[in-house]
Every structure is written in structure tokens, then in C-alpha cells.
Amino acid sequence: MNKDILICGVGGQGTVLASKLIAAAAMNCGNTVHSAETIGMAQRGGSVTSHVRIGSNAFSPLIPKGSADILLAFEPAEAVRNLSYLKKDGTVLVNSNPVKPTTESLNDTGYDGTEMLAYLKEKCCHLMIIDAEKICAPFGSARYFNVAILGAAAGSGRLGLSSDALMQEIEARVPAKFVETNKKAFLAGIAYADSQYNNGTQL
Amino acid sequence: MKKEYVMGNGAIALGALSAGVNVVSGYPGTPSSEIIETIQKYPHDGLHLEWSVNEKAAMEVAASAAYAGARTLVTMKQVGLNVASDPVMSLAYIGVKGGMVIVSADDPGPISSQTEQDTRMFAEFCRIPVFDPCSPEEAYQMIQDAFVYSEKYKTPVLFRPTTRICHAYASIDLAVDFTCEPEQFYTPHPYEGFVKDSKKWVIFPRLSYANHAMIEKRNPEIGRDFSDYDMNVITGNSKKAVFTSGVSYAYVKEYLKDYEDIRLCKIATPYPFPETFVLKALEGVEEALCIEELSPYIENALLRTIGANRLPVKVYGKLTGHVSPSGENSADSAAEILAGFLGTAARESGIDLSDMPALPMRPPVLCAGCPHRASFYAVKKAMQELPDKNSYFCGDIGCYTLGNAMPLDMVDTCLCMGAGITMAQGFHWTDPDGVCFAFVGDSTFFASGMTGVVNAICNEADMILCVLDNSTTAMTGHQPHPGTGRNMMGNAVDKVSIVKVLEGMGVKKIEVVDPLDLASAVRTVKECAALPGVKAILFQSPCIAISKPAEKMKISGKCIQCKKCIREIGCPALIIVDGKVTIDKGLCTGCGLCSSICPTAAIVPDEGGARHE
Ligand code: SF4
Ligand code: SF4
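The listed protein sequences correspond, in order, to chains A and B.
Quick note: the first sequence uses the working numbering, first residue 1128, plus one each step.
Quick note: the second sequence uses the working numbering, first residue 83, plus one each step.
Next up, chain B with everything else stripped away, as it sits in the complex (with noise of 0.2 Å):
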């Protein structure tokens, strides 16, 4: 025995290896991504790890590896679900015969992500269960029990964690020390290989008909097995009852610490309800209150079990207006809620703090020396060159939505994972003179940026596809993509080159340009806005938390405090020091941008400052 000091991710991956897992594929994604990255930390010989090129890629790998017998783990964060529904909605009626774990954090509040949905409705969706840890403690073990129950109904099951549990840290007991030999720390479970059967894997109308049947038969069975299910618990006693899930009961326990005997009963397995066991919660039960995130998922499934079963319970939530609809809960809104249900003490207050000063706002800016604000700056350079163009600028997920603060202004839409290509094509259509830009990143592009080229070239939009390439998927953590040149398993692979794959498509005019070479980037822009068709400028810089920086800039005399670097750049390392214009050491990377655009060249490599430590 061994503890480990771990994130709820780290719990994940570690529950995931001690059940022998095979393979495991997955999407970056806040708060997902660490689940993979702690598997390539722990021992893993004989496993396949890969970061895939999105979701449903992931998904689909997953899946056949599932057939032959094989335990597969897929993680991604909620919206990459959206992207892999596809083949986990028909993977949900062909089944597997391996153990199928499919992590699916969600992010209420959100913090991270464009939605607030919940990946329990997703589970009733697509009919396969669901499992909801409530610590990372619970998570390294119910991922385990995940694989049993997926291999015993043969179904892919869903794990959804929230942002609090992946990214709580907690000491988990480990079976075996992680010291030991590798072998011993991580077995590979024994799996048969893939059977040829087309009446079971080739899905075809017949089968789904009898599929669907067989699991609605099904699904009531996993329902009762999971009231006998050791995470579901029921404690206390009273006439009152909180009934909670996911990090939820956390809220909800540090406040019921002291009233330890009132009846809370946690559903650790919302999808197939368990409802013999929340019958027998509902005993002696005359008023029960849900506390839970996201949608009203146990309350309206409490509201079924106490009408199916005409019990005089009285159900508060959600949808009565008790616990908000919206936002991540937190131990002082359940606090509130608890006190005023149970009519008891509200939690002692802290400071008065009413008359708190006015507080500086800390919005996410572009790092200092960021490639991503030079080339939105060249682009927006051309534009204000060419006055009479109208344009439209169509934003992607990652790093470069940033591009939206001012001073730069430069993302009017940002929808969803590739969706900048596409609608700069819908700009298109509806005003044919406009010069329709997609920002889109490396790692962006390949995910599902592609199909997005082709559509255009294929109707004949006119698009400039601006990709911002820094050869690494920033946002989430420097994960590897197909372009970079090397994967999970730690080998290094053909790249797989953007110009390639934009010439294979037929883009006729791709031009590569460095965007901190801002005179000739600007130059390209306006060349590709005069131009019909499909155009593609790859802006190439490496991400600054990747690359060594260059010599650091420094004010010179020549300065005449014009304030043009601060007012149209906004680089965090400019800054104003007793009112004069100064760069701060700490932060610059010396990329030049500041001082290719200052009037008077009074921005100037300082050399004798140290480099970058």
C-alpha cells in the first residue's frame, strides 16, 4: 500500500491502470486533459496511449479495441462528447466486449467551456450507464468498478467527473507501490482478440431494432443491480431528506457534518436510477431537497419514482426555484439552501465586508510576446489599409480567442472546436464583398478544421484561412498534435504538414509567413484580400512557453511617449512607470512586435539586460 498525493485526474488514470486498461485515447480539453498525461507519467508498458486527432476519433479507436475484447478508456471534456456522439450513440447499441470507459467531464459554473451541459442526460440519452464520483478518492475506485460493469452488461459506460473532483488534489491509496517494479504496478489485462461476427458488429437497421429492444429490457436490470451498488449510500434519519450526487454531496456533507442524522442519501449512478434503493431512502420521508449541478437530473427522477409510486413526498430543487438552475454549487450556496430546508443554523458568517474598495480586474490577456497578437495585428494592419472592405473576423477554441480583448478587437464569433472555417463562408454569402478571415490553430485545424477547407472550396466561398500555427495545442497544456512530429507513446512520427495538406485540397494560394516580420505579414494579407477563392496564410512562430526567447527590448531616449506600442498591442510587458513608457523585464520575450510598429525605432534590443531566466 502506497499513498499518492494525486489530482482527481491523476486518480483517474491511476484507478484506470490498476484495472489493467489496454488503451487509451482522448481529446485535450479543460478539465479532462491531465488524465492522459498522468498515465504517460505512471508505468505503462504494453498499453497504447494516444492524444487522437479529436474526439470521435477517439472514440471510434477506442471502440474496436472494446470489441476485441480489449479494456479501453476515452477521455474528453464534455463538448468533445458533442463531436464523438456519433459513434457513441450507435456504439450504445452494438455494445463491446471489452470494458468501455468514456470520461466526460463536465464543467458547471462552466469555467472552461462554451456549455453547461450535463453528460448524465447525455448517459439517458444514448441509454448506457453513468457513473458520478464525488471526490477524487471515490473516482480511483469507481473507475475500476466502471470496467466490471461495463464488461458484465457489455455496454461502454460514461464517467463524469466535474472540474472540482478532476482538479481537487487528494492522497489516494494505491494497491501497489508505484516504486515497485513496473510490471507490478501496471498488468495489462488479458483480452481474446477480436471474433469475426457481422450479425453482432456491422450495424444495420434489423439489429438496432433488436438491440434497442434488448437494452430497454436491460437497462431496468443495471438499474436494480446499482441500488445494490456500495457508492450509493444512504445515511441518517428524518423526516426530511437531501438527496445529492457528485461533488455536490461534498457541499453538502460540510455542512451536514453536524447533523449527522439526517437522512442524505448520494446517487453515485444517476442513469439507470437505482430506484429500490432510492425507495427505500424515501422511507419515513415526507419532504426531500436535491442539491446537484447542472440540469435537474435527480429531481426530476426522484419525481418519477415518488409518482410511479404515489408516495406523499414533497420534492424541492431546481424546478421548484430552492437550488439554483444554473452555475457550479459551492459549500456556501448549499449551506443556505440546507439551512433554510432544515430550518436550522446558517453557517457562521465571516468579515463584513460591504464597504470592500473597487478591485483590479484580471482579465486573461495574450502572454507578452505572444505570436498569436502579432498576427492578428498584421491582418488588422491590412484591413485598415484597405478602408473600404468591409470584414469579418471568425474566432476558433483555444489560445487565440484571446484575440477578442482589446486593444486588438479582433474576433467577432467563436462558436465551437472548427467552426471559425465555416462560418467565415456563411459571412461570405451573405456579403459577397467582405473579406471573410478564419483564425483557426494547428491543432484546431486538425482537429476539425479540415472538412471546413474543403466545404469552401467545394461551394466557392471566398475565405482567407489565417492558421495561427505555434506547433503545440497551448491552451490546454503543450499536448502533441499531428503536427508536431511526436505522440504519446514518446515516438517521433512524420509530421503531417498543413501546406501538404491545403495543396492536396487544392487551396491555390498558401503563403507562410512569420508573423513578427509584421511589414511583410501585413503585405501577404492584403495580397490574399484582393484575391477570389480559397487563400491560406499559415502564421508559423512557436508558442512562447515552448521556445527559447530572444534578447529582451528596452526603451531608448528616442521615446517621445506617444503611447502607440501600449494602445495598439497591449502586451502585457509594456507597461507605465511614473508615467513613462517601460518594458518589464520579467515578462518581455523580446519578439520585436512593439518595436516594429513605434514611430521614432525607440524600442531597441537591450543588450546588456540578461536573458530570459
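Just chain A, same shape as in the assembly (with noise of 0.2 Å):
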């Protein structure tokens, strides 16, 4: 399998644990795997990236400019900032729930995402967007939210991934006394994205 996943948010929602378990799951599965990732200063509030490159084919650590498969955005405005690395005919799956920049109480921009949700609704042809607010609502923390998205991204199909390959990832790397909220947490992602499709979602 050859496959490019740029997965993007924002500094403290957990980009860096969804990168692992895929990396981790692409590598069980018998892949090459390499990844690069946001480290520094920019973790704190900042953007941050992960690039997951599957494959024998890939050289750069970063991925090449339009030519991710995937975009996995754990932030609407993330997902337009990195879009430029999506292929023409790439998926983003894309959380819905703005994050307000740290700054934004000291000058009030009025962001809220849906300028940059409706962007991307123009400019995709492979989109799910994903209200993780709404899955992890039975779970009460916003630590899920993480996998809660990768949930929905395994359900969307287009990782290339399945999910029994990540849920074992999440049952080795999650912490043990967290493990049974995130497994949830991942599968009511899967279900969200089902219900996606059912209600007429085409990626």
C-alpha cells in the first residue's frame, strides 16, 4: 500500500497519539512507515502537523505539496491551512468544533469555523465532516476527541486501515486505565461515520 495522511489541529488535541496509532497499525500490517511531526514551541496552542507516510515509495519525510491522500484535520481552519498538501482528488475528514486562537479574547476576530467549513465543502470532493463534540458527548471529556475522530476516519473507509488493526494499536499504546473510554470513544466514531453514510454522506 501507498498511501500519504496528513493529519493536522491544533497543540494539545492529541494529533500526536491518532499519528502513532496509525503509523503503528499501517506498520503491523505489514507496511513501510515513516512520519514527521510538529515539535517545539509550536505544540503549545500552536498548529501542528503530523505527516504519515505508508509505503516504500516515499522519500521526503514531509509530504509532497498536493499529493496527500488524506487529510485528516482535527480543526476546520487546520484543514484549510494545510490543504494545499491534498491531491486533487484526496478526502478530508475534517472535525467540525472551531478552535479559538489563544489570542483571540485580545482581538476579537469573530472566528467561529464556518467560513472554513463552507471552504472546504467548495473546494473537496471527498468530504466528511465529523462533529466530534457530539461523539464524545457520552464520554463528558474532550480528552476522546482524539480517537473519537480516528473513529470516524477508520468508518469513513479511506484510511486503507481496518479498524481491528487500529483498535488493537489503542488497546497496546492508550494507558491502561483510559483504555476502555477510548475504545468507545473509537467506536462511536465508526458508528458517526455510518450514520454519515446512511444519511446520504458520499466520499
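Derived from the structure by calculation, the hints contain no laboratory data.
Just so you know, not all the hints are guaranteed correct.
[Said to hold, decoys possible] Label pairs and their calculated CB-CB ranges: (1) B/GLY508 / A/ALA1299: 25 to 35 Å; (2) B/GLY567 / A/ALA1299: 26 to 36 Å; (3) A/PRO1302 / B/ALA683: 35 to 45 Å; (4) B/PRO407 / A/PRO1302: 41 to 51 Å.
[Claimed, not checked] To give an idea of the chain A side of the interface with chain B (calculated C-beta under 7 Å), a few residues: (5) ILE1166; (6) GLY1172; (7) SER1174; (8) SER1187; (9) PRO1191; (10) ARG1208; (11) LYS1214; (12) LYS1215; (13) THR1229; (14) TYR1246; (15) PHE1305.
Owing to the predicted nature of the structure, the values given are computational and were not obtained by experimental measurement.
For each residue, glycine too, the CB sits at the ideal point set by N, CA and C.
From the two separate chains plus the hints, produce the assembled complex.
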């Protein structure tokens, strides 16, 4: 399999765990995997990305522009910020809940993500909007957002990785006391993706 | 054989362990910090591991261990090599017995550094070999080779990965399984021990003269040896050739994978330049393009080689404006340059985004509840209450550089590690009536701040030293330092007390305050501002990333929506929801700074609220 997956979001949203789970699942299915992550100061409330490159045909640690198969975005503006990496017929899986910039309360720009989602709808031929807040409502904490979004991505069928393979990595890599809720959030994400298809979403 | 999925820095660490490295020292600095952290995580019984107080110390610890025949590894970021340049320049003349590899991680971009300096130039400047890996996989093998070359030529060698190599992940084939017995995983390299010989180990002008001559004779030999090194690779055969090194090779390859007949030359050992190898790569070539980052190092060496051999080859690169002279390369920039040079197809473009809406900016800010915010705010308040005094705020390298952001705006200068303390003195000499502050972190104080304080005392400068003591090296990932009371060998050790150090130097006014106790912090700053000489204030409060948060705060009904809290301190947990000031429960650590400035005492502990998870 050759697949370039770009995961993006805001520092603190848990994109790193999502990328680790995807990379590990792909590896355990026998693929060569490379990845690269934002490290350092930007992790604090800044824009962060993880580039996961599956397959032996990847050389650059970062995905070249215009060639990602999948953009898995944890935040609408971050999806738009990284859209230049997506190939023309690539898939965008985006969480609809905006994260206001930390400086927002100082200079109010009114950012709420709607303009970004509208732009994505206009530009992307394969788009699934994920409402992670809704998926995670039963679990009562935003700390499961990442796994819920990952579940929805798995449920979309676009990752090229089976839900079982990802589930195994959740069991192996998430701290024991959070495994159960993470598994539930992951399954809720899959169910959410299914309901989107049933509602007529076509990827 | 066992596959491990590791970061480039992890690959370097595992390679060094495979080489049986005996002593490892370094100073944290992005992008190099994870090398030492990785070594700590894997079996390494019998190895000495330390975060040294700074890069110069790290270099010297490793140097004498290498005199004794031990294999040593020193790690730092590129600007750290500036700090260590004094020992390394001389060490190049003295040489070593055991293999000594100095990792100096370059940072094209720069992504998290003050400069875009090039360690390859530094290697040539100090006349020692340098290795330049193009991937984590290659780094794992190359660092092992570096030890062998170092021992063969009895010289320290540089090893310079760049950020994209350090922080890229790949699966590495390890020679042994790390789940095996620890002794099988790591076997210390056997060494003889130090053999006294003052003619060899004591640097004197006469020895330097003799060794310099030896080095200039030896280096071309190393260049010839490198010409056979199997990480220097030529592929393809065409009249137009591409020369590249490091991560730029990966970018070039990303495009050239569809054009395998193009002559591609990867140079893994830029200095001493492998001239014989490069002449082979130039056979039949009419035009050569150099794609590299930072300095036009290979381009210049290539021009020298072509000139000396009177070859009819045109060279393009940074010097001709074909490659950007600064910043990092990418697969995209490489593809564009290559398509232009080769006359081949441009890479397929992505979606047209010319009508992209304006994106929210996300500049890095101090974390919610960060005690540095309170310290800066206390100084700011105090000086506002002394309006007829000019004040100077000299910053330093660490998280607290972020004190420059609005609304705090409390960093006037930032130059390099430890500079704030001495720069505050320069401002004093140009404005003797001004109040000159130096803000320095605890780790930076030990690394390079202490001499600056002595300088102020003996030269009679007036200044206020503000040590922002959060008990860790926060910016680079919470490494221990001399004040934390633990070290990399896992031992509890005596803490070095900053107060006692300052007392010992003769600082007469030393105050320790809790920055979160705003009123007394402000009072202390004002008191110090009125006194002559060197004053020190230790703002002590642990980094929120390593401490248990207090009860969160909430905004009560008393709030009059004046937004003073937001305007003055800019804590990211203070947000506006539906037009009202609110506290983001997920971010608030309950530091209480906002409540101490609210004019109506509207910010109160959220008693019913859940504690921070
Ligand atoms: S108490 Fe106030 S200043 Fe401190 S973290 Fe919470 S909101 Fe921010
Ligand atoms: S400073 Fe106090 S009164 Fe003013 S907006 Fe903040 S909480 Fe409300």
C-alpha cells in the first residue's frame, strides 16, 4: 500500500497519538512507514501537523504538496491551512468544532469555523465533516476527541486500515486506565461515520 | 534482528549504543534533545550519561574520556557548538584516542533557533571530518561508522543531522532485539585508560604547530578514504547531474524517483571533500545542480574541484540564484528547481487555493497558568508605579522569551544563552538612571548566567537579576539541571542553590518571591528598583507541566465585563463566550493571577468544578 496521510490540528488536541496509532497499525500490517511531527514551541496552542507516509516509495519526511491522499483535520481552519498538501481528488476528514486562537480574546476576529467549513465544501470532492463534540458527548471530556475522530476516519473506509488493526493499537498504546473509554469513543466514531453514510454522505 | 519505530534522534542514540559508546554528554537544545533521552530509556548499564551544565562542559567531559580511549558522544544544537567552540577548536589539534562523535544538529528554516549556521562550515573551520545523514535509517548506521573513522584518524568528528532528520520517524533494523538481556543489547566498548604523556595531551604553541601540519597532510587522506565510503553514492548517467546532501537528498529523490537515469550524487561526508569520488561523479557531466540547505558548501567545493581540474562543467545552485540562499528546502522547492534544470514535467499541482479565506493566527504563547506570566506582570506593574524611571527588559533563551507577546510585552532583547544578564549592564552604562532587568531561567542561569553576575559585581553595574525559577528546563522537554536535584544516571543529588551561589558571589540584596503572590512580588520589585548595585529576585513557582494544578477558577456574577483580566495578562484560559468573559475549564490551572487583578473580585475558586484531569 502507498498512502500519504496528513494529520493536522492545534497543539494539545492529541494529533500525535492519532498519528502514532495510524503509523503503528500500518506497520503491523506489514507496511514500511515514515512519519514526521511538529515538535517544540508550536506544540503550545500553535498549529501542528503529523505527516504519515505509508509505503516504500516515500523519501521526503514531509508529504509533498498536492499529493496527500487523506487530510485528517482536527480543526476546520487547520484543514484549510494544510489543504495545499491534498491531491486534487484526495479526501478530507474534518472535525467541525473550531479551536479559537489563544489570542482571540484580545483581538476578536469572530472566528468560529463556519467560513472554513464552507470553503472546504466548495473545494474538496471527498469531504466528511465530523462532529467530535457530538460523538464525545456521552464520555464527558474533550480528551477522547482524537480517538473519536480517528474512529470516524476508520469508519469512512478511506484510511486503508482496518478498524481492528487500529483497535489493537489503542489497546497496546493507550494508558490502561483510559483504554476502555478510548475504545468506546473509537467505536462511537465508527458509528458516526456509518450514520453519515446513511444520511447520504458520499465520500 | 528487530524493527524499532524511532525518531531520527532515537536512531542516532541506538546507533551509538550499538557502537558501545562509553560516555555520553550534552546540553538540551531543539532539535537534538531526544538523543540523550533515548539512551536513558534503553539498557545502558556501564555507560556514563549526563546533561552537562552547558555545551562547553559536555565537550570537555567527553574529550578527556576520549583521551582515555573511551568512545564518547556529545550532543547539542548548532548554536550550542558556538558555546563549545573553544574546546573543540583546540581538541581538533590535540586529537583523541577513543572515538569521539560530536552531534551538532542544524536547523534550516530556522524552526527553533537563533541562526541558520552550517555545521559543515564549522567542521572545515576546525579541520575535522563531518558526516551528514540523509534519513533516520542512514543516521543509525552512519553514527557507528563515525566512531570507526574517529578512531582510525584519532580525531573528533562532527555528525550533523538537520531538524527534519532528527524529528522524522522510521523503522530501523536493529542488530539486536532490545527485549533481549540488557548485556546483549549494550556492550561497553573496551578501552585502555589514560596514558600520561604531556607531549601529547598538553597544548603548547609548538605542539599546535606540529599538529596543524599533520592535520593538513592528513585531511586530504581522509578525503580519499571518504571517496570509498559507501554512503557517498552515485546513481544514473546523464550530462546533467544533481549534487546533494542530507535531507535535501530525500527531497531530490522524491522527484527523481521517476527519472532514475539522471545522474544523482549524494555526498555524505562534505569535509574533507571526497574529491576522487566527486571527479567520478563528474565524468561526462556538462552541467551540475547543487541542492543543499544553509551554506552553498558542496557548491563551493565542487567549484574548487572543477576549477582545479579545469573541467568544462557549469555549476548551478545558491550562488547562481537557482536555489534559495536561506530557509529550508522541501520536496516542493526541489521539484520545481529540478524540473527547471532538467526541462522535465512540473509535479502535478493540488487544489487551486488562490481564494483561501484569512486563517486565524496561532502564535505560541505562555501556557495558561504559567508562573512566568505572573513574574513578568509583577515587574511590569511595579515599573508602571514608578513612571519617572526608564526600564530595560533583557530576555534570554527559554519559554520565557514568549514574555515578549502582547499584552505582556516584557522582552526588549533576546540574543543568546545568558546574554540578558550582561546586556542589562550595557544598558546601565548607556543610561545610568534606568532600571535594567535581566530575566533568566534556572537552567540558563547555570548554563551561562553566573559569569555575567560576577561581571556586574566587579564592574559596579546596577541591575536587577530576575531568575524565573520553575525547577526544570521547560522549553526543551523538562530535562533536569543542577538545581533540580536529580541527574541522568537516575540519582538524587544535592541541589545547587541559586541563592547560595549569589550569596557566595557577594550579591547583597537577594529576595525569593512567589510570583503568584502578586502584591508582595510587586512590592519586592519596587524595593529593588530603588537600590544601587546588583539585586536578585528569584521568582519561584514550578512549571505547570510538572506540577499538580490547584483548584480551577470561575467568573462569578460580580463580573462587570471590564475585560481587565484579558487585556492585562493574556492567559489563554480567559476567553470570551457569547460576549462574556469566561474561564476555559480545560486550560485553567487555578494559578489565581487573574483573580488578584480583577477590580471587583469576581474571579473565585470553582468549588464544585472538577479538578484538572
Ligand atoms: S487562574 Fe486565571 S490566570 Fe490562572 S490559569 Fe486560570 S484563568 Fe489563567
Ligand atoms: S477583570 Fe474581573 S470584572 Fe473585569 S472582566 Fe475580568 S472577571 Fe470581569
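- Query: Taking the closest Cβ pair, is A/ILE1166 under 7 Å from chain B?
  - Reply: With a closest approach of 5 Å, the A/ILE1166 hint holds.
> Taking the closest Cβ pair, is A/PRO1191 under 7 Å from chain B?
Replying inline: holds (4 Å)
B/GLY567 versus A/ALA1299 beta-carbon gap, inside 26 to 36 Å or not
Since B/GLY567 and A/ALA1299 have Cβ atoms about 35 Å apart, the given range 26 to 36 Å holds.
How about A/GLY1172: closest beta carbon in chain B under 7 Å, or not? holds (6 Å)
Evaluation of the interface hint that places A/LYS1214 against chain B, nearest CB under 7 Å
holds (6 Å)
Status of the given 41 to 51 Å range, CB of A/PRO1302 versus CB of B/PRO407:
Roughly 47 Å apart at Cβ, these two residues keep to the hinted range, so it holds.
>> Just to be careful: measuring from the Cβ of A/THR1229 to every Cβ in chain B, is the smallest value less than 7 Å?
In response: holds (4 Å)
### Task
Hold the hint about A/ARG1208 up to the distance rule: shortest CB distance to chain B must be less than 7 Å.
Result: holds, 5 Å to nearest chain B Cβ.
A/PRO1302 versus B/ALA683 beta-carbon gap, inside 35 to 45 Å or not: This hint holds: roughly 39 Å between Cβ atoms.
- Is the gap between the beta carbons of B/GLY508 and A/ALA1299 within 25 to 35 Å? violated (56 Å)
#### Entry: A/SER1174 as an interface hint toward chain B, with CB separation required under 7 Å
Given a least distance of 5 Å, the restraint on A/SER1174 holds.
*Quick one, is the A/TYR1246 hint okay against chain B at 7 Å, beta carbons?*
holds (6 Å)
In summary, the numbered hints that this structure violates are 1 and 15.
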